[in-house]
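Taken in sequence, the protein lines are chains A and H.
Position 463 of the first sequence, counted from 1, bears residue number 463 in our numbering, the numbering being contiguous throughout.
In short: position in the second sequence from 1, add 513, done, that's our numbering.
Don't take each hint at face value.
Simulated coverage check for chain H against chain A, where a stretch passes if three residues somewhere in it have a Cβ under 8 Å from a Cβ of chain A [stated by the list, open to error]:
id, region
1, 530 to 540
2, 750 to 760
3, 775 to 783
One-sided and incomplete, this derived list gives chain A residues near chain H with beta-carbon spacing under 7 Å [as the list claims (entries may be wrong)]:
id, residue
4, Gly16
5, Arg332
6, Tyr349
7, Leu363
8, Leu366
9, Ala373
10, Ile375
11, Asn378
12, Arg382
13, Arg383
To be clear, the hints were calculated from the coordinates, so they are not data collected in a lab.
Ideal Cβ placement from N, Cα and C applies to all residues, glycine included.
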Amino acid sequence: MTTPVLEARGIVKRFGALTALDGVSFDLRAGEVHALCGENGAGKSTLIKLLAGVHPHGSYEGEILIDGRLAAFGSTRDAERAGIAIIHQELALFPEMSVGENLFLGALPRRRGRIDWDRVYAQAAATLADCGMALDPATRVGDLGVGHQQLIEIARAVARRPRVLVLDEPTAALAQHETGTLLALVRRLRDSGVACVFISHKLDEVFAVADRITVLRDGTAQGTLEAAATDAGEIIRRMVGRRIEDYYPRRQVEPGRPLLAVHGLTVAPPRAGGVQLQEVSLEARAGEVLGIGGLMGSGRSELLMHLLGLWGARRAGTVRLDGEDLVARSPREALARGLALVTEDRKRYGLIPEQGVAFNVSLSSLPALRRAALIDRNEEVRRVQAIVDDLRIKARDLEQAAGTLSGGNQQKVVLGKVLLTKPKVLLLDEPTRGIDVGAKLEVYELINRLTAAGQAIVLVSSELGELIGMADRIVMLCEGRVGGVFSRGEATQERLLAAAMGRLGRGRVRHGA
Amino acid sequence: MNRIATRELSMVIALVAIWAFFAWQEPVFLSSRNLSLLSVELAVTAVLALGMLVVLLPGQIDLSAGSGVGLAGAVAAVLVFWHGVPAPFALLLAAVGAVLVWSAMGALIAIERIPAFIMTLGGLLVFRGLHWLVIENQTVPVVEGGSENAYSLLTTYYLPPVAGYVLAGLTVATMAASTLNARARRRSYGFAVDDGELTFLKLFLLAQLVFLAVIVTNGYRGVPIALVILGFVAVLVYQLITHTPFGRYLYAVGGNEEAATVSGVPVRPTIIGAYALMGGIVALTGFMQTAYSGASTSTVGSLMELDAVAACVIGGTSLRGGRGSVLGVLFGALIMASLLNGMTLMAVSPEAKYIARGTVLALAVWLDLRMGQGGR
C-alpha cells in the first residue's frame, strides 16, 4: 500500500476546557475523494483548520504527516506551500473583478513590475479548461451565477496546483443541476491525482462522489468506510449515534380553511432581465405544509419575497391571507397580518450578529412587549426563554452574540424570532440548508408541531427529497410559472424534476444518486 | 464580557492619567473654579456626542452637527438681539426649525439613499454659509450687555448650594428606588437578582460620585445648569436607546440592515427619527455653546462635529453602526473636554491643540481595535 498523501494521527485539540478533537486519525490517498461526515460541532471544521495551518503546530497533540514526513505548519502559508488548498463554504471572491484576476489574485504574473494581463488571461483560460469550464476569463465575477462562482472558487485553488483539495460544504448554495456540474469537476480533479476531502451535509452527494467516508461524532472518529460498501442509513446511524428510522418524520393533519391563497399572481421584476412571476396560483391551508420547488431562477425565493413586500411590482392577481386581501409593502405590514418569512440566507437576512440571542429573538415582537413607552425587559426575557427552551437553542446565556452560535442554533434563533410573532402562515426558504442532521430533524419536528397547532407552512427547498418527505402538496415552479402541482402520493423525484424543467427542459439535469 | 471590562478600565486609566498630567503641569486644573468650567464644557461636548451616538448606531453619521450648532445659536441670537423676540420663544423657534431641517436630511438619506457622509458634508457647508449670512458676519450677543435672559442663563446659571444638594439627594433616591423596583420585579418573575451587597456597593459608588460633583461645583458657584441639562439628556438618550423599540431598531439597523428589514423593523422611520432627534440636540448644543461664548460669532460650533464623533469612538461606538453606549460616550466626552480644557490652561497654541486632538482620536481607535483582537 502506498504512503498516504496526508495523514493525521491521534489528533487531540482542546479549546480551554472543551475537547474539540479527541484522538482522531484520518488518512488521505492520492486520487481519492474522502468524505468527512458529522453533525455541526462534531469536529470537522476543527480538523480542517488543523490541516490548513489555522491552528499551528504545537497547539494540538498528535501528528500530521505529509507523504509520511512530519509536517509542522506554523501558519496557513506553510500549509499552502505544502500543497493544501481549502475551499470554504462562503465565497471569497471579488465580484467587481474579472475571473482571471480572481484566479490569480495575490500571485498575478508580472513583467517589469507591471501586471502582465495577457499572461493572466492566457493562464486563466488554461486553468478554466483544466476544470472543464468554457468561460471567458475577462467576465466580471459578479455577473456569474452563484453556481459558477463556486466553480471559480475551485478553479482558483486548482490554479495553485494543490496536492490536497479540501471542499467545505461546496454545494450549500447551489441548485441541483449546478451541484451536478460541481461534483463532475471534483471527480475530474480526483482522476488527475488530486486528493480531495469533501465535506457535505447532503449524503446523496457524498455517495455520488466519495470513495471513502470518515464519520466524526463529538470529536471522535466513528470509523472510515468504503463508500461502495455502506449506505446512508449506516452513515447517519454513526453520525448521530442512533438509527433514524424515519428521516422525514412528517405527521399529516386534516387541513382546515385556506390561510394563504395566491391567485393568478403576475409580478414584474424590479430590474429588467430578472425572473417574472406569471399567473402563479397556490393555496396553503391551516395545518398543511405546502412545498415549493424549482431550479435556480424559477422564482421560488422571489415569490416569497414578493409576498413580504420586498420584491417586484404586482401586475395582476390577488393574495389572500386568512380570507383578506394582502398587498404588503414591507415585511412589517406582512408580519402584522400574520405572514412571516425565514429566509435562506440567515447571515444576511436573518441575524443581527453582534447582538444577543434575546435581542434577536424579540426583534420582531417589540411593540407587543411595550409597557407604556418602554420595553418590559422581564416579560421579554420570560418569552424569549420560553422560545429558547422550546426550540432547544444552545447558548451560554440570552446575551451571547447570535453570530457566535453554531449554524443550527443560528437558524433556531431566526425561527424563534418568527415564532414569537405568532404567524398564521410561515414561509420557510431552505430552512435546513447548511445545518446538521440533528438540527434538521428538530426543524422537521417543529414543522409538525406548528401544523398540528393549525398554522400553515410554505416550505421552499431545492432538495427534492425534503419536499417529497415533508410537504403535503408540492408546487413546482418553472421560469416564474407553475410547472406542476403534486399531492403527497404522486410526487417522485423524476416527476418533480420534469415539472421543474417544464417543456423547455434543455437536456437532462444531473443529480446525485 | 471580559473585553468590555478591560476596555472600560483602560478608559478610566486614560482619564486619570490625563487629569494627573494636567494637575501636575497646572495645579489650578483641579480647582473648583476650573472643574466647574470643565463641567460646562463637558456638558456642551457630551450633549452633542450623545446625539451623534443616536445617529452612529444605525450606521449613519452627521458631519453637519458643528455647523448646525453655529447656525441654531445664530438664529436664536439674531431673533433675540436684533428682533427683540422673547428668549424662550426664540429658542423654541430655532429648535423646531432644526428638527425639521434634520428630519429632511434624514428623509433624503433614508428614502433617497444619499449616503449620510455626503448629505451631511453638504449640510456642513450649507449651514456654515447660512450661519454667516444670518449674523451678517458680525458678533451677535445672546443678550443686552449687563442683563440676562433664558438664553444667556443656559451656561451662566448655577443652582444655589442647597438646591444642588437637594438635587443630588433626589437623584440618588431615584436611582435607589428604580434599582429596588427592578429587583422586586425580577424577583416576581422568578429571575436571579444581583447579590444585595453588590447592588448596594454600585449605588453607593454612584451616590458618592453625584455628591462629589455637587461638593466640587458648590466650591465655586454651585451646580451649573448646563450639567443638569446634560444629566437630563443622558438619561433620556439612555432610556431611549436601551429601553424602547426605537432604540432596539437603531442597533438592529446598524447591525444588519437587511435582516432588520426582513424582521419588520421600520428602517426608514428609524433613520429619520435618529436625525430628527439629532436636530433637537444640535439646536440645544447650539444654544449652550453660543451662550458659553456670550455671542454668536462666525467660529461658534466650528469642528464640534469631529469632537462629538471622537467622543463616541473613544467611548467604544462603532462607526459602522450597531455598537455603542451612553456611558462610554460620556466618558469619551469627558476625555475630550478634559484635554481641551487642560491644554487651554497650559496656554498650548491652537496648532498644537489640533494635533493633539487628532492624535488622541486616532490612538483611541487603534487601541480599541488592538484590544478587540486580543479579546477574541
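Results of checking the hints against the structure:
Counting residues of the region 530 to 540 of chain H whose beta carbon lies closer than 8 Å to any beta carbon of chain A gives 0, which falls below the threshold of three, so the coverage claim is violated. Proximity of the region 750 to 760 of chain H to chain A, defined as three or more residues with a beta carbon under 8 Å from a beta carbon of that chain, is established by the 4 residues found. Figure legend: the region 775 to 783 of chain H, annotated as covered by chain A; annotation consistent (5 residues with Cβ-Cβ distances under 8 Å, at least 3 required). Residue-level restraint check for A/Gly16 is violated (minimum Cβ-Cβ distance to chain H is 13 Å; threshold 7 Å).
Interface hint status for A/Arg332: upheld, as the beta-carbon distance to the closest one in chain H is roughly 4 Å, under 7 Å. About 5 Å separates the beta-carbon of A/Tyr349 from the nearest beta-carbon of chain H, less than 7 Å, and the hint is met. With a cut of 7 Å, the hint placing A/Leu363 at the interface with chain H holds, because the nearest CB-to-CB distance is about 5 Å. Hint status for A/Leu366: holds, given a least beta-carbon distance of 4 Å to chain H, under 7 Å.
Hint on A/Ala373 holds. Least Cβ distance to chain H is approximately 6 Å, under the 7 Å limit. A cut of 7 Å between beta carbons decides the hint on A/Ile375: the least distance to chain H is about 5 Å, and the hint holds. With a cut of 7 Å, the hint placing A/Asn378 at the interface with chain H holds, because the nearest CB-to-CB distance is about 5 Å. A cut of 7 Å between beta carbons decides the hint on A/Arg382: the least distance to chain H is about 6 Å, and the hint holds.
This hint is violated: A/Arg383 has a C-beta 11 Å from the nearest C-beta of chain H, more than the 7 Å allowed.
Hints 1, 4 and 13 from the list above are not met by this structure, while the remaining hints are.
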